[in-house]
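Visitor: Using the sequences and the hints, build the whole thing.
First to last, the protein sequences are chains A and B.
Residue numbers for the first sequence follow our numbering, beginning at 1 and rising by one.
Residue numbers for the second sequence follow our numbering, beginning at 1 and rising by one.
Read the hints as simulated data drawn from the structure, not as lab findings.
Where is the CB? At the ideal position from N, CA and C, for every residue including glycine.
Hints may be right or wrong, so weigh each one.
What the hints assert, rightly or not - Sample of chain B residues facing chain A (criterion: CB under 7 Å; computed from the structure):
#, residue
1, I90
2, R126
3, R196
4, K200
5, Q203
6, L225
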Amino acid sequence: MPAQANANVIALQLEKVRDKVPLLYERDDILLTMIQQRGDVEKISSRNLRLPLQVNPGGKAGSYNADGGDLGRGSGTAYDVAQVSPIFFRFAIEITKLVEYATTGRDRAIENAAKREVANGMKQFRSFLDKLIQTAGNGVLGTISSVSGTTFTMTVPYGAALVYPGQTIQIYDTTLTTNRNVAASVTTNVVTADPISTQQITVDNVPTGTIATDVIVHDGLSGAQPVSLYGIKYHQNNATTGTWLNLNRTTYPIQLATPRVNAGNAALTPANVRLAINKVRKSLGINHLSKLIAYMAVEQEHAWENLGITVSSIIKEGGSGNGNDLDLLFTGRKTMSGIPIKSSVNADQTRVDFLDLAHWGRAVLKDIDFYEVNGNTVFPIYGASGGLAASYIFYFDTAFQLWSDSPRSGAYIDTLARPSGY
Amino acid sequence: MSSRASEASRGVATEPKGFGAIPRAHPGERRRDSARNDTSMRSSVKIQIIRERHETPEEVARRLEAAGGQNRFGEPNYRVIWGWNRLAWIAGKFEDRDAHGDLVREVVELRLEPKYPQVNRWHVERWVPPEVYGSPREWYAKTVESVNGMSVPALGPYPERGEYEHCFTLQGRKGEFVQLTPTIVEHVARAIEWARRFPKAKQRGMLYEREAREEREYEEWAYTLMDDAVPALYGQPFVTVA
Numbered sequence: 001m002p003a004q005a006n007a008n009v010i011a012l013q014l015e016k017v018r019d020k021v022p023l024l025y026e027r028d029d030i031l032l033t034m035i036q037q038r039g040d041v042e043k044i045s046s047r048n049l050r051l052p053l054q055v056n057p058g059g060k061a062g063s064y065n066a067d068g069g070d071l072g073r074g075s076g077t078a079y080d081v082a083q084v085s086p087i088f089f090r091f092a093i094e095i096t097k098l099v100e101y102a103t104t105g106r107d108r109a110i111e112n113a114a115k116r117e118v119a120n121g122m123k124q125f126r127s128f129l130d131k132l133i134q135t136a137g138n139g140v141l142g143t144i145s146s147v148s149g150t151t152f153t154m155t156v157p158y159g160a161a162l163v164y165p166g167q168t169i170q171i172y173d174t175t176l177t178t179n180r181n182v183a184a185s186v187t188t189n190v191v192t193a194d195p196i197s198t199q200q201i202t203v204d205n206v207p208t209g210t211i212a213t214d215v216i217v218h219d220g221l222s223g224a225q226p227v228s229l230y231g232i233k234y235h236q237n238n239a240t241t242g243t244w245l246n247l248n249r250t251t252y253p254i255q256l257a258t259p260r261v262n263a264g265n266a267a268l269t270p271a272n273v274r275l276a277i278n279k280v281r282k283s284l285g286i287n288h289l290s291k292l293i294a295y296m297a298v299e300q301e302h303a304w305e306n307l308g309i310t311v312s313s314i315i316k317e318g319g320s321g322n323g324n325d326l327d328l329l330f331t332g333r334k335t336m337s338g339i340p341i342k343s344s345v346n347a348d349q350t351r352v353d354f355l356d357l358a359h360w361g362r363a364v365l366k367d368i369d370f371y372e373v374n375g376n377t378v379f380p381i382y383g384a385s386g387g388l389a390a391s392y393i394f395y396f397d398t399a400f401q402l403w404s405d406s407p408r409s410g411a412y413i414d415t416l417a418r419p420s421g422y
Numbered sequence: 001m002s003s004r005a006s007e008a009s010r011g012v013a014t015e016p017k018g019f020g021a022i023p024r025a026h027p028g029e030r031r032r033d034s035a036r037n038d039t040s041m042r043s044s045v046k047i048q049i050i051r052e053r054h055e056t057p058e059e060v061a062r063r064l065e066a067a068g069g070q071n072r073f074g075e076p077n078y079r080v081i082w083g084w085n086r087l088a089w090i091a092g093k094f095e096d097r098d099a100h101g102d103l104v105r106e107v108v109e110l111r112l113e114p115k116y117p118q119v120n121r122w123h124v125e126r127w128v129p130p131e132v133y134g135s136p137r138e139w140y141a142k143t144v145e146s147v148n149g150m151s152v153p154a155l156g157p158y159p160e161r162g163e164y165e166h167c168f169t170l171q172g173r174k175g176e177f178v179q180l181t182p183t184i185v186e187h188v189a190r191a192i193e194w195a196r197r198f199p200k201a202k203q204r205g206m207l208y209e210r211e212a213r214e215e216r217e218y219e220e221w222a223y224t225l226m227d228d229a230v231p232a233l234y235g236q237p238f239v240t241v242a
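Guide: Take a look at the structure:
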C-alpha cells in the first residue's frame, strides 16, 4: 500500500525532528512561554496541583497590664490551599498527498513538508494558546455584537483578535449554558477574521438561534460553564464572589482581589499608570516593583506612544535608527513609567496588566510532544467510502494549567479607550 | 563627576548601618573618608548605603534644554534625574511588611516615595502639560481613594503646572548601570522630539510592522532550527573574487 508506506516515511521524518518540538514551543517570546514551568511543581499527576497560600498573618499584638493583667491568647498564620487541574490541548495537522508532488525528489519533498508543517503547526498552536491566555478561564474567545447572515461583528474587547481563519469554534449563549452547535448539530468554522479594522468574522455555518450577545468558545469544550486555560482575566480580577483555584473569593475578598484602576472609557494617562503601580507598592511594599512587566495590546502601546513621552518604535525604524551605539540603548527598552512593556496583538485592547511573573507558573502534566499511540505518531485519514484518503494526520498535545500564587502582586487598568483609528 | 557617580552607583558601602537615609548633595561628597576614620575606631561596624542622591550636572541640564526646548512656564521640556532624587506622592493604606513579606502594620497616610523602581539609575523625563491629567475636578474624582472612611488623594495634589513623566532609564540591556553623559540624554531627547513629529497613523503602522517582523523572525528561526542539513551559504553559488 503506497499510502501506508508514505505515512511511514512521514513518521520517520517527524521522529527526526521530535527533539526540536520543545524548542519551537518554549521560545520565550509570548506571554505563555515567559511564564516558566516551575521546578517545584512542573510535573503533576492527574490529581490537582495543590498550592499552599498564606492567607492571613498570625499572632496577636497589643498592650497589656504588667500589674497582674492577662496577656491573652495567640494565633498562628492562616493557610489555605489553592488547586489547579491541568487541561489537555491538542493541535491537529494534516498533510495531503499533494505535498509529495509539490517538489521533485520524493524523500526530500516529504522531509521538507514534514518540517514545514511542524514549524507552521507549532507557530499556530502557540498562537492559539497565547490567545487563550488572554481569557477568563472559560474559553470565551469573543462576544457577538451583531449577526448578519454568516458575518458576526464582534464586541471589543476582544473583537476578532482571538480567532483565526480555519479554526473550529462553538457558539454558546451569553450565560455559557446552551451550546448552540450541539443543539443544532452543526459545526462552525471561521472563514475570515479582521481583528484590525472591522472586528468582523465570517463563518461557514451559523447554528440556529445564534443572536447578538452570544459568545464564541474554542473547540473541544463541552457542557455548561466550560473550563479552559486560566488566563490573565481569571487571575487578575478584583471580583469578590465566585471561585479562584477552588478557593471561595467571598472568604478572601481582599487577599484574592487584584488591584484595579477603572479608566472609565478614557484614554490612557500617566496618572492611570501611577495609580495602578502604586496600588501594588502599597500592598506589597514600596520597593517590590522590580519584576513587574506592563502587558498590553498594541493599541494601548500606541496610546502610550501618543503621549509623546516614550522612545517610540518609530525611532528604530526611522531616520534616527542608524545603528549607532546610542540606538542600542533603545533596543527592547520601552517602558511605562519605568516598567518594561510587553505588548501583544492578542491582548485585550482596553486593558493594561501589570504582571509579576515571578508569582506565575505552569503546572504541566504532559510536556509538548507528538500525540502517540503504540509508538505511532502519524495516522491515516479514511475517506467517505471507508478507503484511505490521500492525507495523513498527526497531533501536538500538551496538558497544563496556569497558576498564580499571589493575585495581589499585580494590578490592572481596564475600560481604557482605544486610540482613534481602530 | 562621572567617575564618582559611576563608583557610587556600584553600591560602595559608605554609610553606617542603621543611621538611616542620609541625603548627599553631590556624588563626590561621600561619607567614605569619615567612615574610614570611624572604621579605624569601630572596625566591626559594617557600612551600607541606604539612600544615595545625586544632582544633575549643569552641563547635562543645559544640553537637554537646548535639545528639547522649554515649556510654557519657561522650564526645560526635558530633565534628567537620579532615581533616589525623584520622589512622588503616594497616599492610601500602606501594608508595611518585613523582610519575609509578613505584614507588620497597616497605616493610612500620604508619603513621598521614589517614583521609579530603578532608584540607582538616571532617568530622563519629559514635561507633560496639566491638561493631560484632566481638570482638577477630574483629577480628584479619579485619584481620591476612600480608606477606612477617609478620603485620600492617591497621587497627591493636582499637577497644576504639569508634571515630569518618565521617558527613559539609562541602563544597559540587562539592567546594568550606564553612566550619564550629555550626549546620551541629548540623543534621547532629540529622538523623542523627532518621533513626536510623525503622524499617529505612521506610528501605529510601525507597531504592527514590528509585530509582523517578530512573527517572521519566529518563522525563520523555526525553519532554520528544523533544517538540520542546510548547505553552506544556504546553497548560494560561490563567486570567485579576483
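Visitor: Would you list, in rising numerical order, the hints stated earlier that this structure does not obey?
Guide: Failing hints: none at all.
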